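Residue numbers (the working numbering), protein chains in the order written: chain V, -12 to 101; chain L, 199 to 313.
No lab work stands behind these hints: they were computed from the structure. Note that the structure is predicted; figures quoted are calculated from it, not measured. Where a beta carbon is used, it is the ideal one built from N, C-alpha and C, also for glycine. There could be a bad hint or two in this list.
Claimed, not checked - What follows is a list of derived Cβ distance ranges for each label pair:
1) V/70 with L/213: 39 to 47 Å
2) L/208 with V/28: 15 to 23 Å
3) L/227 with V/-8: 19 to 27 Å
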Amino acid sequence: KAGVTQTPRYLIKTRGQQVTLSCSPISGHRSVSWYQQTPGQGLQFLFEYFSETQRNKGNFPGRFSGRQFSNSRSEMNVSTLELGDSALYLCASSQQGQVQETQYFGPGTRLLVL
Amino acid sequence: AQTVTQSQPEMSVQEAETVTLSCTYDTSESDYYLFWYKQPPSRQMILVIRQEAYKQQNATENRFSVNFQKAAKSFSLKISDSQLGDAAMYFCAYRVTGTASKLTFGTGTRLQVTL
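Excised from the complex, chain L in its bound form (with noise of 0.2 Å):
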């Protein structure tokens, strides 16, 4: 079975400060895609980095980075000077080329952001 691990539940972190979020994920496709989704308390789903498996160097948009590991199949998270409205529940996800269209999502990590 395709299946994605968010082994954290809930996080915390001060503001300005790094978090990582980790992720596995178990396929045996070799073409796929992994995603990182925000969802705020609106529970709109909003993309925040992706991921082409086929790509060694590790995705980065401003703040977020992943740290990709294909081997270990993990896929985790570094959100770095934390801001208040990073706080979210935060789902991994990955699609492959077979079914393309159907993301398969991990249970979520729900991250909190203190003062």
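Excised from the complex, chain V in its bound form (with noise of 0.2 Å):
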């Protein structure tokens, strides 16, 4: 099976803008969830979408927004960027996003605030 991927792999944006970013999920998981890794924050969990629906929302301000598609493909938007989003973000899936389920990480998007 393919792995989880991720679109675009790096972006340059400047502050105001808005961007998009693309997850597809390993086929057949259907849980999809999304962090943000900065070297002063750490990984820290964004949400999760399972079955169109956002189910889990971590600590993060109304501009990081998300959806997920009937084929299970996910995209995050961040709108009114700031320099302090610039960092990696992460996508994992997970069959049903249960806890003893094993969640796939994808190789990131590295997205650059100027």
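Dock chain one against chain two, each of which comes alone in its own frame, and use the hints as you go.
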């Protein structure tokens, strides 16, 4: 099976712009979670989507949003970008998002905000 | 607050030697799973090993094993016969039933492997 894929891999934006990142889970996986990784804050959970519904949410401002499509692909959007949004954004998928399942991670999208 | 603490920002081990990475966690949940993930320079997070909290037996995966002390909320990773390819950031993490999809990570330990 193909692994989790993320596009684009690298992105440069300026403050105030918005950005959309895409994640395609492993075939058959219906749960997609997003994480932000920064040197200062480490790895932080953004949100999880399952069956096109947001099921869990981390402690991020409303500028961070997401959605999931019927084929389980997920997108996350960041509006009104700030310098502090520069980070590696990782998505992870699992079959049902249950606690006993392993989450498989994609290679990440590195976002630089200038 | 639920937290994961990795007190060793960096560790170094010689090739073929053994190294232990420390992790402690704090949760009031009774049903949870613990994980060690490896992040090499490529940034791809790779699962190394997992442990179910209800199991007393320590998990092992080839050269990787854990020492799980539930009462002490400790979950250390032992890497035996270290190889150059083991050099990476290692993150300890857990998931609880209530927010099953959310992994809570520690700050990571950078492991260097020397010849």
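Now the hints, each set against the structure:
Distance hint for residue 70 of chain V and residue 213 of chain L: a CB-CB separation of about 41 Å, consistent with the stated range 39 to 47 Å. For the hinted restraint 15 to 23 Å between residue 208 of chain L and residue 28 of chain V, the CB-CB distance of approximately 19 Å keeps it satisfied. In this structure the hint that residue 227 of chain L and residue -8 of chain V lie 19 to 27 Å apart at CB is violated, the actual value being about 32 Å.
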